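Here is how the chains run, residue by residue.
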Amino acid sequence: MKFAIQINEGPYQHQATDSAYLFTKTALEKGHEIFRVFFYHDGVGNGTRLTTPPQDDRHIVNRWADLAEKYDLDLVVCVAAAQRRGMVDAGEAERNGKDATNIHPKFRISGLGQLIEAAVQSERLVVFGD
Amino acid sequence: MAEEIKNFLYLNRRAPYGTIYAWESLEVVLIGAAFDQKVSLAFLDDGVFQIVKGQDTTGVDMKNFSPTYAALGDYDVNQLYVERESLEERGLTVDDLMHLTWEDEDEDWAEKDSIRVVSRAELAKIIEQQDVVFSF
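Chains G and V, in that order, are what the protein sequence lines are. So the first sequence is numbered by numbering that gives the first Met the number 0: it starts at 0 and just counts up by one. So the second sequence is numbered by numbering that gives the first Met the number 0: it starts at 0 and just counts up by one.
Among these hints, one or two may not hold up.
Partner residues are not named here, just some residues of chain V that face chain G (Cβ under 10 angstroms, in silico) [as the list claims (entries may be wrong)]:
{"no.": "1", "residue": "GLU3"}
{"no.": "2", "residue": "LYS5"}
{"no.": "3", "residue": "PHE7"}
{"no.": "4", "residue": "ARG12"}
{"no.": "5", "residue": "VAL27"}
{"no.": "6", "residue": "LEU29"}
{"no.": "7", "residue": "GLY31"}
{"no.": "8", "residue": "PHE34"}
{"no.": "9", "residue": "GLN36"}
{"no.": "10", "residue": "ILE126"}
{"no.": "11", "residue": "ASP130"}
{"no.": "12", "residue": "VAL132"}
{"no.": "13", "residue": "SER134"}
It is worth saying that the hints were derived from the structure and are not from the lab. None of the values given here were measured: they were computed from a predicted structure. Just so it is clear, CB atoms sit at the ideal spot from N, CA and C, and this is done for glycine as well.
With the rest of the complex left out, here is chain V (with noise of 0.2 angstroms):
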């Protein structure tokens, strides 16, 4: 097997709930966790809806799995890239999303923020510098 590190980037276009797209990308990137790879998240689109804080299916039946994102941190995935056009469309701002952090190793754990809010442009120079683009 070869030991190259690959830029990974997971593109989530869609809402959490209505298809199973989200649900299933997260499962490929807790497993693609374990590959040692230099992995990052992109929020995009309805996407964005995917780090909604609160978020209660109760009422439709769906297992809310929003609890997993808190968890990427603890997998070194702590590069999460939301769209700032994606959620202004939507009428949202970072402060209705999920307080997404990670604890960095090389400064005695500090808690870091892994949300990063980027421009339309910025996201687009974000996937040109990737191996690998996975879309969802």
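Bound-form chain G, shown alone (with noise of 0.2 angstroms):
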């Protein structure tokens, strides 16, 4: 089957993202496609390159990405999402004038059509979140 992702809260506060990694790697280890994971609202978060957990920890930004090379996945922060809370890749920095990059390489800053695309061209989407 073909999925498409949403997570709408943060990593570390809310296990919405761990939920959905662990759904995401099964599915994939199943054989099911996913089409995209979208992040929205505070979930824009779990892009970040400079995620520093406590070594004894899981490191979420690290385990999406892991998986994103492995299966290829399309890793998408929403733009509007991002732009409130920091989230910044080199094209936003430059248009807002900013003087650093957040982002990490695997994942990718696009808009909410991204998500309704999603919608459209999978058979589930499966949102996850309170």
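Fit chain to chain and form the complex, with the hints in mind.
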């Protein structure tokens, strides 16, 4: 089956992204297709490469990035939500006059249309959040 | 790109202020309206407060985005379900809500109500009929 995944909560504060990760990983291992993972609301915080958890804890950002590397996953961070919360890639830094970027290279920043498209193209949209 | 048209339902479950879910849900609805899908919204739980009339946010220094709901009709978003039990549990009636309307092109632009109050059981059936359910 072809799935789209939406994640509405930030990392560590909330288990939503852990559940989404485990669901996505298992679905891929079972041969299903993940059309896209879309990060919205505080979920955009899952994409910062500056994340540094204690060494004995899971690294949520790298875990997503490793999965993306292995399965060529499309990890998309919503641009509008990202701008509010200080998630920046090179293009956004340039456009908004910021002196730094923090997006992990395995993630990309794009518009809400990517969420709608994912919902249209997939057989199931699975939303993780409260 | 597929030409397929799906039934999209946006579930609005939270109060308009206090968290950003309601406002960012509305942003998805507005962007999604450009995709020619069949869109409806449902307001339940504290989400019914999102469309209460006379909202004033000056005291909390937040943007009052409630006028945006009145523009939904212009985006062909004109199926707004409100759960009756959620209204009753909060001491609200339909008269406490904004009068949201749309103009029906097929009937000489007659103005029609967008809001339909439905029971919890009816809303469950509506959810069952959807292809895509966004939950905010």
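Consistency of the hints with the structure:
A cut of 10 angstroms between beta carbons decides the hint on GLU3/V: the least distance to chain G is about 7 angstroms, and the hint holds. Of the supplied interface hints, the one on LYS5/V holds, with its beta-carbon coming within about 6 angstroms of a beta-carbon of chain G, less than 10 angstroms. Restraint check, PHE7/V versus chain G: the minimum CB separation of about 7 angstroms is within 10 angstroms; hint holds. Look at ARG12/V: its Cβ gets to within about 9 angstroms of chain G, closer than 10 angstroms, so that hint holds up.
With a cut of 10 angstroms, the hint placing VAL27/V at the interface with chain G holds, because the nearest CB-to-CB distance is about 6 angstroms. For LEU29/V, the suggested interface contact is upheld, since its CB lies about 9 angstroms from the closest CB of chain G, less than 10 angstroms. For the restraint placing GLY31/V at the interface with chain G, the shortest Cβ-Cβ distance is roughly 5 angstroms, inside the 10 angstroms limit, so the hint holds. Because the beta carbon of PHE34/V sits about 5 angstroms from the nearest beta carbon in chain G, less than 10 angstroms, this interface hint is met.
At about 7 angstroms, the closest approach between the beta carbon of GLN36/V and any beta carbon in chain G falls short of 10 angstroms, and the interface hint on this residue holds. Residue-level restraint check for ILE126/V is violated (minimum Cβ-Cβ distance to chain G is 13 angstroms; threshold 10 angstroms). The restraint placing ASP130/V at the interface with chain G holds, with a minimum CB-CB distance near 8 angstroms, inside the 10 angstroms limit. Interface restraint check for VAL132/V: the shortest CB-CB distance to chain G comes to about 7 angstroms, inside 10 angstroms, so the restraint holds.
Because the closest C-beta pair between SER134/V and chain G is about 5 angstroms apart, less than 10 angstroms, the hint holds.
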